[in-house]
Every structure is written in C-alpha cells, then in structure tokens.
Amino acid sequence: MPMRKVMKANEAAAWAAKLAKPKVIAAFPITPSTLVPEKISEFVADGELDAEFIKVESEHSAISACVGASAAGVRTFTATASQGLALMHEILFIAAGMRLPIVIAVGNRSLSAPINIWNDWQDSISERDTGWMQFYAENNQEALDLILIAYKVAEDERVLLPAMVGFDAFILTHTVEPVEIPDQELVDEFLGEYEPKHAYLDPARPITQGTLAFPAHYMEARYTLWEANENAKKVIDEVFAEFEKKFGRKYQKIEEYRTEDAEIIFVTMGSLAGTVKEYVDHLREKGIKAGAAKLTVYRPFPIEEVRALAKKAKVLALLEKNVTFSVGGALFQDFSRALINESEKPVIVDFILGLGGRDVTFKDLDEALAIAQKALNGEEFDEVNWIGLRKEIL
Amino acid sequence: MAESPFKADIERVQKEYSEKMTPGAIATIPGSSVINKTGSWRVFMPEFYKDKCVRCYLCYIYCPEPAIYLDEENYPVFDYDYCKGCGICANECPTDAIIMVRETK
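Which chain is which? The protein sequence lines are A and B, in order. If you count by the working numbering, then the first sequence holds residues 1 to 394, one letter each, in order. If you count by the working numbering, then the second sequence holds residues 1 to 105, one letter each, in order.
Everything labelled a hint here was simulated from the structure, so no lab data went into it. These numbers were taken from a predicted model, which means no experiment stands behind them. Treat the hints with caution; some may be incorrect.
Stated by the list, open to error - Straight line, CA to CA, 20 Å or less: simulated SDA-like cross-link-like pairs of lysine to any residue:
(1) Lys15(B) x Pro215(A)
(2) Lys21(A) x Pro215(A)
(3) Lys37(B) x Ala216(A)
(4) Lys37(B) x Gly287(A)
(5) Lys20(B) x Lys233(A)
(6) Lys253(A) x Pro215(A)
(7) Lys233(A) x Lys253(A)
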C-alpha cells in the first residue's frame, strides 16, 4: 500500500531519491535545499538506502563527483539551489555533453546580489541552455513524482540527458503537505535496475569520455545533444502516460485549467500555478473568461503544446519569476519563438513578479489582469510589466 | 622518406572517426592522438644536412614527439606531420647537421 506522510518538498525529494536507489549521492548543503542531503544521509546511515554518500566541499565538487560516478555507470543524485547551481554551471555542460543521466533537485531560489534566500526561478532558468531537462513542481507530491519521472526519461536510450527538478524555495521546500509515497516494488518496476547504455567504465572495454573534439567534430556532438532534447519530448509523453497507469497521477507538459472558451490565459510554472488556478476560479465567478496553464516541463520546451494552447486564447499572460534583462522573462522569449511564424496568434503580455520571495497575491494578479484586459480590448499596453513593484521607494 | 610507423594506427583511427558519432562523443578506441598532426602549429622547422651527419642518433633519442625515424642507412628522417619545431634535435646535434629555420608556407 502506498504510504501517506506529511512532509516538506525537501523530504519528498529525499524520499524520491531513496525510491530511485541511486548508488552515489554527492551533496553540499545550501539553503533552501539543505534538508535533502540531510535526509538522504539519514537514510544511508540507517541502512535504508544502500549508497555512497559523499560529503564534498562545494557544489562544484558535488556535481563533479556525480559526473564521475555516472560515467562509471551508476545512478546518481544531488540537490542544490541558487549560487550552488551557479557554481555547478561549467560541470552542467559537461554532464549534458557526456550524456550522463544525472538528476538534481533544485530548490528554486534567487541569485545574488543582494543576497536573498527566497524563491524565484532565476537559478535554474539561468541554466536553461546547458542541455539539461528541466521540470517544475507545483506541490510536494509533484516534487517526488517528477524526480522519479526525470530518472525514467533521463535514462531512456533515446534521450540520455541529465535532468533537474525545480521546486520553489520555502513555498514548497519548507512547507508540509500530505505526500503519497509509492510502493518500492512499483517504483522498481517503473524505473528498473539502472543499466548504463553507452558510456561506463569497464576494464574489458576501455573508452575515453569527455574527450577533446576538434572543429571537425564538435558541432556534430552539440547537434546530437539538440536531437536528444527533441527526442525527449516524445519520451516524456510516454513516461507521463506510463506513470499515470502505474501510480494514477496524471502529468502533462502543459497542464491546462479552465482554458475552454478562455480569452485570457495565465501561463506560469511551479507553485505559483496553484495561486493562479484559484485566481481563475475567482475570475470565472465574476464572469471573466480566464484560464490557467502550467508548464511542468520547461526544457525541452514544449513548442507544439504551446502552439495548441495559443489557439485557445486571445491573450497569453505570462507570469514569471525571472528576468532576462532588456527582454523580459525567459518564457516570453520561448513563447515568442514558438508563435512568431503562426498565422493566427494571441497577444503575449509578460509579467515579472514575485522575485526574491515576494508573495504573489490576488492584488498583484488583479494588476496583471488589468493590463491583459487592455491588450484584449486593443488598447495600448506594455509588453513587459513588473508587478507588485514598490514604486514609492524607487 | 621512411614510412611512418604509425601508418596503420592512423588509418584505423581515421576510419573509426569517420563513422557515426557516439552519444556523448565518447572515444571507444584508444590511439586518437596519432591523427592530431602536431606539425600544424610549428614556427621553426629543422633543416637537415646529410653531409655533416655522423649518425650519432642524439636527435632520434631526444625528439619528444617522436617525429624522427632512421632510414636504412641509419640517417635521421624527419616526419613534418608531427614535428612541432621545438628545436631540441638541433640543440643536441654535435655537428650542426640540423639547423632550425623559420617555416614559410
């Protein structure tokens, strides 16, 4: 029987790691994801998880140890956030380039300066071009499930890409919710024993990994990474379907909420989706045709699904907790790319909000709605809007 | 010029690398360095004067690449595909049979 426990997303991530049975976990503590390695070290110390727990001296070493272990042919796991993820930056490229199916739990937190430990998505969004797959969890249950899903997709022969699963700092990492922990046997059936597919160290079959590539080969190597990301789109759908069959919880790359006959669709990721769904209910009661959509998968970017979503709305309001300077948010770029050559496309309005852990309230969303309605009525509007900004102190 | 002793290796590696790329660009066979022709970054090249050579083999022993072979009569032969122009051979040569000259292309 699946067990129901009340826990924080950090603990849920640790439980997911335990269920996936990685052989090597390397970690360095960083707020807000410290509890993940703490909990895993308990599992290892108690003999509940048969794994090597490596206490390293920085995040750079943590991911390096994971790359080494994964190249040697075992399942690996680590957790980090913010500056820690930024410190991993160069090794993230190496992990993706070497096609090692490592999974990281990221407690999405803002980046310095000024130092801020609270939630936004700037850390993982900044790593969107590393070739890693990115999943974003709305609640603690999703944090657990998506890590299992990430392993399954990452280790697929057609994909072989590392993946990161983001869950919002404090909003999820330190908030307790009931989480259903699936049976170990079911997870074993779902994930299977990890068998490295192409690259692993074996004295009988010596290979060189992470080699030098001359100009004659580098571009092709990067293209195979691009191809793997394209393949991942299909594989993710398959794995979502299989997960639903086994565990009964449904996942989609873009989860839609009350989008039928919607004029304005709010698009967001992570825990903010919960607030937005509530807000959409509130708007529907007032007779405003609004809907919500949540991106569960951000990389590979679900272009087809975005185009399908765009057909349903007149205005797409993107709510983002990240900034790409002088452009807007990262989603704004991606949505523009997906829709630029479509003959009929909705107006896209970008909203930057909730940076550094600022609460996003209905009042903020009202502010966003007002601008989205201007766009809907064909009035003049700003493409990029900072919501909830305290203009009086500027 | 004497044939490179690496000829078979070079052909094997070139064949391997012309085949399909492995995921993660892993090298499944050893020996890739023989196709990296280090002569391409040379600035100075050794010029050999056979009449001065006493066949002491010091150049052959000291060449770090090793890009010097011996022909049938035990005279040194320079493999300019791999000679990086370090000048050690010229420095070691007791009879000045090897002089470094600026390479022109």
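Going down the list of hints, with the structure as the test:
For the proposed pair Lys15(B) and Pro215(A), the alpha carbon gap of about 18 Å is at most 20 Å, so the pair holds. Straight-line distance between C-alpha atoms of Lys21(A) and Pro215(A) comes to about 39 Å, which puts the hinted pair past the 20 Å bound. Of the supplied pair hints, the one linking Lys37(B) and Ala216(A) holds, its CA atoms being roughly 14 Å apart against a limit of 20 Å. Between Lys37(B) and Gly287(A) the alpha-carbon distance is near 73 Å, which puts this suggested pair outside the 20 Å criterion.
For the given pair, Lys20(B) sits about 23 Å from Lys233(A) by alpha-carbon distance, which is inconsistent with the 20 Å threshold. A hinted pair counts as satisfied when its Cα atoms are at most 20 Å apart, and Lys253(A) with Pro215(A) does not qualify at roughly 36 Å. Proposed proximity of Lys233(A) and Lys253(A) is supported: the alpha carbons are some 9 Å apart, at most 20 Å.
In summary, the numbered hints that this structure violates are 2, 4, 5 and 6.
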